[in-house]
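Trainee: As a plain string of letters, each chain reads:
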Amino acid sequence: QLGSRSTIVTYSKDFLMTFQNNFTDLPVGFVMELDNILSTLFNSDSRSVPNST
Amino acid sequence: SRPTSAGVDSILPQPHPLENSWTLWFDSPAAKGRQSSWGVSMRNIHTFSTVEDFWRLYNNINPPSKLIIGADLYCFKHKIEPKWEDPICANGGKWTMVTNKSKSDGFWLNTLMAMIGEQFDYGEEICGAVVNVRNKQEKISLWTKNAANEAVQISLGKKWKEVTEWKEIIHFIVHDDARKHDRNAKNRYSV
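Read top to bottom, the protein sequences are chains A and B. Oh and the first sequence: position 35 is 35 in the numbering used here, straight run, nothing missing. Count along the second sequence from 1, add 53, and you get the number used in the numbering used here.
If we strip away everything but chain A, and leave its shape as in the complex, we get (with noise of 0.2 angstroms):
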């Protein structure tokens, strides 16, 4: 999982998608407006998003 070509850090596909399921809030200190063009990019169920004003 968790390999090395020479000294790069490698993860196969298979590995990184176990963590998919269990990462669901936005990363800790984001904090970004959500106007009317980044409410096309976030879907409707992000966490943490403050609400378009």
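Source of the hints: derived by calculation from the structure; they are not laboratory data. It should be emphasised that the depicted structure is a prediction, and the values quoted were computed from it without experimental measurement. The reader is advised that the hints may include incorrect statements.
[Claimed, not checked] Pair ranges (Cβ atoms, derived): (1) D35/A with Y175/B: 24 to 32 angstroms; (2) R241/B with N43/A: 33 to 41 angstroms; (3) E33/A with E203/B: 41 to 49 angstroms.
Note that the Cβ used here is the ideal one computed from N, Cα and C, for glycine as well.
Fit chain B to the known structure of chain A by using the hints.
Mentor: What follows is chain B alone, placed relative to chain A:
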């Protein structure tokens, strides 16, 4: 009793660091419409450096099939701007795959995982990837640094097809050719 901060640190799993930090950029037709020059309306969304933060971001944004037509979503190595003018991109080019409408989600995710997981033999030659959402199709491109190095480009193109399970021929266009000839730029390599 509540655990001390030292106690919490000792039981929390450690995040999995990525070899590179990556930045997500977004551009939309609503923003482009107000700008006169290309690239000015691109928004730097967030930079992530761990497997966990990749998923925290990815799980909260729409896949390409749910983005509005005209949107561009970029994932580039930190401090590389997704523009021809960026000095690291300037001598590069891009491999491109074109999917039917709303068929790019899996190819996009597999591209991201191969990049951040460093699955390419010449991963240091990659700048990033972009998905362009258009009316009838979606286009995913893998941007690389040194277009003149044919062996490296061929290796990257073949590996990209492998990790995305893409079955059709893909083509490589040099940024400089695109700059000079726009849509008439010829394919430099194909795999």
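Trainee: Given the range 41 to 49 angstroms, decide if the beta-carbon distance of E33/A to E203/B lies inside it.
Mentor: holds (45 angstroms)
Trainee: Tell me if the beta carbons of D35/A and Y175/B are separated by a distance inside 24 to 32 angstroms.
Mentor: Cβ of D35/A to Cβ of Y175/B: about 38 angstroms, so the range 24 to 32 angstroms is violated.
Trainee: State, for the Cβ atoms of R241/B and N43/A, whether the hinted interval 33 to 41 angstroms holds or is violated.
Mentor: holds (37 angstroms)
In summary, the one numbered hint that this structure violates is 1.
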